[in-house]
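Protein chains in written order, with the working numbering: chain A, 1 to 146; chain B, 147 to 488.
This list has only true hints and no planted wrong ones.
Covered by chain B, according to a simulated footprint, are these stretches of chain A (three or more residues, beta-carbon under 8 Å):
hint, segment
1, 53-61
2, 83-92
Not everything, but these chain B residues come out facing chain A in the computed CB check (under 7 Å):
hint, residue
3, GLY290
4, ASP311
5, LEU371
Which residues of chain B face chain A? A partial, calculated answer using Cβ under 7 Å:
hint, residue
6, LEU236
7, ALA237
8, GLY238
9, GLY289
10, LEU310
11, ASP312
12, GLU316
13, LYS320
14, LYS367
15, THR368
Think of the hints as simulated: they come from the structure by calculation, not from any bench. Cβ atoms here follow ideal geometry from the backbone N, Cα and C, with glycine treated the same way.
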Amino acid sequence: MNLPDEAATIALGARLARALRPGLVVWLRGDLGAGKTTLVRALLHGLGHQGRVKSPTYTLIEPYQAGGLELRHFDLYRFQDESEWEAAGFRDEFDGHNICLVEWPEMAQGLVPEADVEIGLQIVPHGRAARLRAYSEAGKRCLNAL
Amino acid sequence: MKKLIPQLVLGIESSCDETGIALYHQQDGLLAHALYTQAAMHSEYGGVVPELASRDHVRRALPLIRQTLDQADRQLADLDAIAYTRGPGLAGALLVGTSVACALGYALDIPVLGIHHLEGHLLSPLLADPAPALPFVALLVSGGHTQLMRVDGVGQYTLLGETLDDAAGEAFDKSAKLLGLGYPGGPELAKLAEHGDAARFKLPRPMLHSGDLDFSFSGLKTAVLTLTKQHEMTDSTRADIAAAAQAAIVDVLVGKAQAALKQTGLKQLVIAGGVGANRLLRSQLDAAAVRKGVRVFYPALEFCTDNGAMIAFAGAMRLRQQAPQDGYAFAIKPRWDLQQIG
Numbered sequence: 001m002n003l004p005d006e007a008a009t010i011a012l013g014a015r016l017a018r019a020l021r022p023g024l025v026v027w028l029r030g031d032l033g034a035g036k037t038t039l040v041r042a043l044l045h046g047l048g049h050q051g052r053v054k055s056p057t058y059t060l061i062e063p064y065q066a067g068g069l070e071l072r073h074f075d076l077y078r079f080q081d082e083s084e085w086e087a088a089g090f091r092d093e094f095d096g097h098n099i100c101l102v103e104w105p106e107m108a109q110g111l112v113p114e115a116d117v118e119i120g121l122q123i124v125p126h127g128r129a130a131r132l133r134a135y136s137e138a139g140k141r142c143l144n145a146l
Numbered sequence: 147m148k149k150l151i152p153q154l155v156l157g158i159e160s161s162c163d164e165t166g167i168a169l170y171h172q173q174d175g176l177l178a179h180a181l182y183t184q185a186a187m188h189s190e191y192g193g194v195v196p197e198l199a200s201r202d203h204v205r206r207a208l209p210l211i212r213q214t215l216d217q218a219d220r221q222l223a224d225l226d227a228i229a230y231t232r233g234p235g236l237a238g239a240l241l242v243g244t245s246v247a248c249a250l251g252y253a254l255d256i257p258v259l260g261i262h263h264l265e266g267h268l269l270s271p272l273l274a275d276p277a278p279a280l281p282f283v284a285l286l287v288s289g290g291h292t293q294l295m296r297v298d299g300v301g302q303y304t305l306l307g308e309t310l311d312d313a314a315g316e317a318f319d320k321s322a323k324l325l326g327l328g329y330p331g332g333p334e335l336a337k338l339a340e341h342g343d344a345a346r347f348k349l350p351r352p353m354l355h356s357g358d359l360d361f362s363f364s365g366l367k368t369a370v371l372t373l374t375k376q377h378e379m380t381d382s383t384r385a386d387i388a389a390a391a392q393a394a395i396v397d398v399l400v401g402k403a404q405a406a407l408k409q410t411g412l413k414q415l416v417i418a419g420g421v422g423a424n425r426l427l428r429s430q431l432d433a434a435a436v437r438k439g440v441r442v443f444y445p446a447l448e449f450c451t452d453n454g455a456m457i458a459f460a461g462a463m464r465l466r467q468q469a470p471q472d473g474y475a476f477a478i479k480p481r482w483d484l485q486q487i488g
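Okay, chain A solo, but in the shape it has when bound (with noise of 0.2 Å):
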C-alpha cells in the first residue's frame, strides 16, 4: 500500500480504527522516523479521541480510552532488559481486552506477545509504503474488515 504523503498515513489510520477490536495485538515496524507514531495517533482520533497522542517513547507505554476500546501504545525502543518486562508490568497489560499498539517491538522479541497484525511501515522515495500482515484469524478480520 503506497502512503505518498502524510493525510495517507492518517487515512489508513482512520481506516484501521474501524477494524480493531479488543484483544487485539498489532506490531508497528519501521524506522525513526517511518511514520509509526503518526499511524497511531491517526488511528486513536478515528476512535475519537480528543485529546493529544505524545510519543511514548520516554514513557514507554501511554494508555487510551476510545470508542469504547481500551488501547495501549507502547514504544519500545529504549527497552534493554527482560526484567523489565514484569516489573513495569507490561505482560499484564497484554490481557486478551487491551489493544495493543506496539513500535519497536523487535527490541524486547520473546516478551512481546506475537502480533495479530503487523504493518510495516517504510520510508520510499516518495513517501511511505505500509505493508499490513495478519498472523491470525483475528488478524485477519481485521485486515478483511479493512
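Could you slot chain B onto chain A? The hints should help.
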C-alpha cells in the same frame, strides 16, 4: 502525637527511569538527597535516558532511603511525613514508590501524600538560590516533556502550551540517532554541532508562528532524516546537519518561551529539564532576556532531571496548606492532568 505541620518530609520519586530519595525539613530546607541512575551524569544535558535496566526501583528504594537518612544523620523515627510521586508515569514504576511510601507511612504511623510529578518539577526552582518569585513562567524541556506553564503558587498551574508529538529532548536524541551518534545522543549532537555550519541547511521551525504556545518536533526528525538520505554523510555534513537541527529546536523553544512571557506579561522565566543545560539554548535565552528585560533562571541540573528533592519539597509545601491523604491506600495515576490537581 505528630506536630500539626509535618516538619521532616521524606520524598520518593519513581515515575520512570530514576529512583530519587530526599529529606526536606520545613525550617532547615533540603537536608540530603540521593539519586540512582545509570545515565551518565557528566553528560552535558539530558533528554537523560538511562538504561532501562536501571529502572529497577524495587531493589533501589530502601538502600537509597537508608543512605539519605545517614547523610542527614537522621533515623526513620524522625520522619514526620512521606511524599511520593503518584503520577503521571509508568504504572509499574509508580507502584514501587507508592507502595514503599504507604508501607513505611503505615509502619511509622505518619501521614503520606501523593504528588504530581510535574508539580515537583514546577516547584523545584524555588529550591535554588537565587529563587524566582511567584508568579513565573516555566519552560519544562526534557526527553519526556516539553511544556510551558504559568506558575502562580502551590497548586496554581496553567498549561500555556505543550508538544503535540515528540518532546524537545527526544528531537535531540532522535536527530542524533539519525546522524549515527547512538541513542540517546542529544548531548553528542550538541557537541558535534559546535563544529558545524548551522546556515548550510535550512530546517523547518515547526509551529514557531502558529500563534499558540504549542510545539511539534516530529516533523523536524523527518526533515533531518531526509537530509541524511540526500547527502553523503561526511564529517562536515553531519556536523552541519547537527548544527541546523540544534538551531531549529532552540529557535522554537526560545521563540515560544518569549511568546509565553509576552502573553502572560510575566518577567521571570524558569528553565527546568535536562535540555535546559544546552549552551546554545542558554545563550539565546539570555540574549533575548536582555532585550526584553526579563530574568531567566536555570536551576542546577541535579534538580532539573527527575529527582527526589522536588517531591520532598512539593510535599512539604503542600503539607503547609493541606491535610495529607486519608489512609494508606495505593492509588497511582499513570495518567494525570496537572490542571486537575488544584
